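There are 4 protein chains.
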Amino acid sequence: MGASMARNLMKNGHKVIVNDVVPESVSALKNDGAEVAQTAAELASRTSTIVTMLPSNPHVREVYTGSNGLFSTASQDSLFIDSSTIDPAVSQEMAAIASEKGSTFMDAPVSGGVVAARDALLTFMVGGPEEKFDEVKSILDCMGKNIVHCGKVGTGQASKICNNMLLAIGMIGTSETMNLGIRLGLDPKLLAKILNMSSGRCWSSEVYNPCPGVIEGIPSSNNYEGGFGTALMTKDLGLAQSAANATNSPTPLGSLAHQLYRVLCNNGYGKKDFSVVFQTLKEEE
Amino acid sequence: MGASMARNLMKNGHKVIVNDVVPESVSALKNDGAEVAQTAAELASRTSTIVTMLPSNPHVREVYTGSNGLFSTASQDSLFIDSSTIDPAVSQEMAAIASEKGSTFMDAPVSGGVVAARDALLTFMVGGPEEKFDEVKSILDCMGKNIVHCGKVGTGQASKICNNMLLAIGMIGTSETMNLGIRLGLDPKLLAKILNMSSGRCWSSEVYNPCPGVIEGIPSSNNYEGGFGTALMTKDLGLAQSAANATNSPTPLGSLAHQLYRVLCNNGYGKKDFSVVFQTLKEEE
Amino acid sequence: MGASMARNLMKNGHKVIVNDVVPESVSALKNDGAEVAQTAAELASRTSTIVTMLPSNPHVREVYTGSNGLFSTASQDSLFIDSSTIDPAVSQEMAAIASEKGSTFMDAPVSGGVVAARDALLTFMVGGPEEKFDEVKSILDCMGKNIVHCGKVGTGQASKICNNMLLAIGMIGTSETMNLGIRLGLDPKLLAKILNMSSGRCWSSEVYNPCPGVIEGIPSSNNYEGGFGTALMTKDLGLAQSAANATNSPTPLGSLAHQLYRVLCNNGYGKKDFSVVFQTLKEEE
Amino acid sequence: MGASMARNLMKNGHKVIVNDVVPESVSALKNDGAEVAQTAAELASRTSTIVTMLPSNPHVREVYTGSNGLFSTASQDSLFIDSSTIDPAVSQEMAAIASEKGSTFMDAPVSGGVVAARDALLTFMVGGPEEKFDEVKSILDCMGKNIVHCGKVGTGQASKICNNMLLAIGMIGTSETMNLGIRLGLDPKLLAKILNMSSGRCWSSEVYNPCPGVIEGIPSSNNYEGGFGTALMTKDLGLAQSAANATNSPTPLGSLAHQLYRVLCNNGYGKKDFSVVFQTLKEEE
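Chain order of the listed sequences is B, U, D and V. Numbering of the first sequence is given in numbering that gives the first Met the number 0, commencing with residue 0 and proceeding in unit increments. Numbering of the second sequence is given in numbering that gives the first Met the number 0, commencing with residue 0 and proceeding in unit increments. Numbering of the third sequence is given in numbering that gives the first Met the number 0, commencing with residue 0 and proceeding in unit increments. Numbering of the fourth sequence is given in numbering that gives the first Met the number 0, commencing with residue 0 and proceeding in unit increments.
Bound-form chain B, shown alone (with noise of 0.2 Å):
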């Protein structure tokens, strides 16, 4: 994901240097023209706008604190974009620690998969102080097309927890449905038909149908590979579920579509793409 951005970036005429634990990818990117720093120390004592994709929590936390971290020789007046999905709490965490420091740290997760990262149509929710919001927005453009300013600093992850929350919670309720209706007699395809045109229709029924054969050209009727793995998703509703336990926040659905995907992993499903819970519920008894 982080290599389609950075080649992104460097299409539209940026510098860009690089760094990641993955030194294949970094010899990679250095062949297309990247520099490359060996730690993220050094990264940040050589340029002062620094973007970070990066998997959890921890990571983000080590990558920008840590003794070699970015905070440890960032200028001031540096701006940190984050991409990563985190809690943003520690989003917010991070950009009390730039303040400090005298930069500015901004949330900004994606939606969109692999192919959306390549082809620079990611849609990038961006929390932080709207007066650097058009400088941001400038550097996201290049990898992006939708690029939200959703408010202060953590809303970005709030936009996107939130947005991944519901979509799991009508993914689920597609597949029960369509099941249930599928049982009662009704063809899958006019089922679709019917839903979409009344008051049960979501993104899941009307786009990324989880019955096979309804829709064609998606995970579903490919034996859900490729697409929203069900691990990411399980994830981003961990993070749903932490955001809610700090707010006090009631999900009774979003809770119980958290513990429904974590049994789909626990049981193998993790790679899969999230509208395999379908497949799960038809089982036969």
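Simulated from the structure, these hints should not be mistaken for laboratory data. Errors might be hidden in some of the hints.
As the list makes no split between identical chains, a pair holds if one copy fits it or if it spans any two.
With a cut-off of at most 20 Å between alpha-carbon atoms, the simulated EDC-like pairs for lysine to aspartate or glutamate come out as follows [what the hints assert, rightly or not]:
(1) Lys10 - Glu205
(2) Lys192 - Glu129
(3) Lys151 - Glu129
(4) Lys29 - Asp19
Computed from a prediction, not measured in an experiment: that's the story for all the values here.
We have chain B already, so just place chains U, D and V on it with the hints.
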């Protein structure tokens, strides 16, 4: 509901004979030109095309198979169109009896409320033999604008309860999501906009958003008055659970949605629009 | 089950006439001294005290009210004792018909499995008129050791489905808790001991712990063989949900327990003991 | 809570130095013979055996690792016993820091309320190195009657949150079951008796039945006053969910129990005993 339907039939030139347990409804229709039958049995003895609209399973059983019921006097080749929302198994039971008597019973539950009934804008989901569908459609066209043939008898009901189960899941999910996002610092209108341009979108987020003020002119912006009552939604979710039980279909979110709406009913929200679930989630500690 | 019950009646000196759909069961009982009736109707014509043990609602309806059913020939003042586990509403329906005919129908579902049936150690939960309880008890005493009068007809069923709903909740809860504790580094036997001396204790943690090896001689320590099958538990939870629907009783955990057991059935665990839920939760990612 | 614990230490002949943010608590203890430290740092500079009792994760982090915290002045070979109920991961974090400094940190959360604290009847669940357990036990024996060694550091917390998760599930399950049974016509005391002689029994059905009048002298028979507050239970369920997240442990019922208790808190029941869930389920439509 039935009264508006009868008026729309008369407007389209049909002679209508009515029967109802509420004398006021009957006399109002009489003033408008309807003839009156004292019992269901009398009604069936005077016409062979009969439309019924009843509250629940036992009412349908009584009106059709009771000692003064429609089947007691109906002529062969009668056509029964039942617009009640009931268990598909009961529709199939009635259809089997009708068939033994040489008649046809089709289920045709509606979606759309009192206003849609008045304006002949209802959607009818019709289950029953294909060869009778044109005749049924010609009648229902007087009262609705979408007449969909869903398959054999019972599939009209199946379509409606599937749609409403997914609708309830989407509504509660949207309510949880809007509330969580707001507590995380997002502006409600901006959050709705982000969801609606992303994969979280559903009917409830787009056209019936449960957060007051996001969309004008809907129940959530009018103290949850009008609209589709929580008690009616709870009834439909109960039908969905019966159908799921009868077919061994797992519906974890549908089942929890049913429980959550039942608690709302028990807490006095039965007559509020079903989007009121948002309000009950947002209470502060 | 029924065969063991019949043998225990004979052991206690009762003359027994049997009827069953499985010829092998009938001939085995005949060898042991039972007389045989070819139909339910014949049975009811030859005795006025009748004990039934049937799998589900429709079987009870058929055996009692079918054209060759018990009610078709039963003499006035017959006593029907139904040990099936069914919907309390169906028990009440049968009791009403019996009452019209001058007879008495009492529900008396059992708890305890095949071994308890053989050894006359069943518990019977009896619903029906108090003045008939002594007579019923004198018969059931031959087959069980606890005969409890629960109230009017249907309350025997109510007691059983209430107990089994709470049992299922306790079993899934214990399974979640044991698994969580083990993953947090606790020794399973020590965790069970701590729960059992504290407020977390329940029947499932104390005498039927679902974690293999914690207690010897129970299904969890024998690959979940024997015991109380997941499919039977799922059936009882379905009855609980019907009863909850009929009485508008909120049962969020009972409802989710039902869904979780249904998924287990659909995934092929129907014949394993219901404590197998532990195994399905503990799978690793 | 901490005050009672300090008094019981003094009663057993220990010299006690106290520190607290509430001046009244401190001066009351001073009157009873305790010495006073102005800060945590001062306290740790004056003794090498320290017992802490704090409300939540951040308080523990602050008191131990803050600039005026215990670790800032503690001598080598100090023994820290933390009786707070917190995330096991935070206990492990504190233990790791203590260990680096040549000291020992053990978690020892309690079960039992204010009265048990006063009467030295608490249960302590202790996590930490076995070779230190005897020393810890000799201190905790002054304040409690059951001192259980659960394993390495963090397992005391793990035991407590496991117990309380299962307790919450049992309490909600018992409430659903009692309410369903009553609506089905069963007498509450008889139902409780039947459950308690059968496999449905649990601590909540036997000694803390949530239905008013079934057991005298407990919160449910006193308008749900006293006992274990819903807000505290909700906090513990939040810790259970964090631990479940951190270990990928599926807890569908535990998760739903958490959500249900959170809604109760938001609806104003936070200070009522956690058995109040019965009352909120039994409302009539």
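Checked hints:
1. Lys10 - Glu205: neither (35 Å within a copy, 37 Å between copies)
2. Lys192 - Glu129: between (42 Å within a copy, 18 Å between copies)
3. Lys151 - Glu129: Classified as within: same-chain Cα gap 8 Å, cross-chain 49 Å, threshold 20 Å.
4. Lys29 - Asp19: within (12 Å within a copy, 58 Å between copies)
The structure does not agree with numbered hint 1 stated previously, though it agrees with all others.
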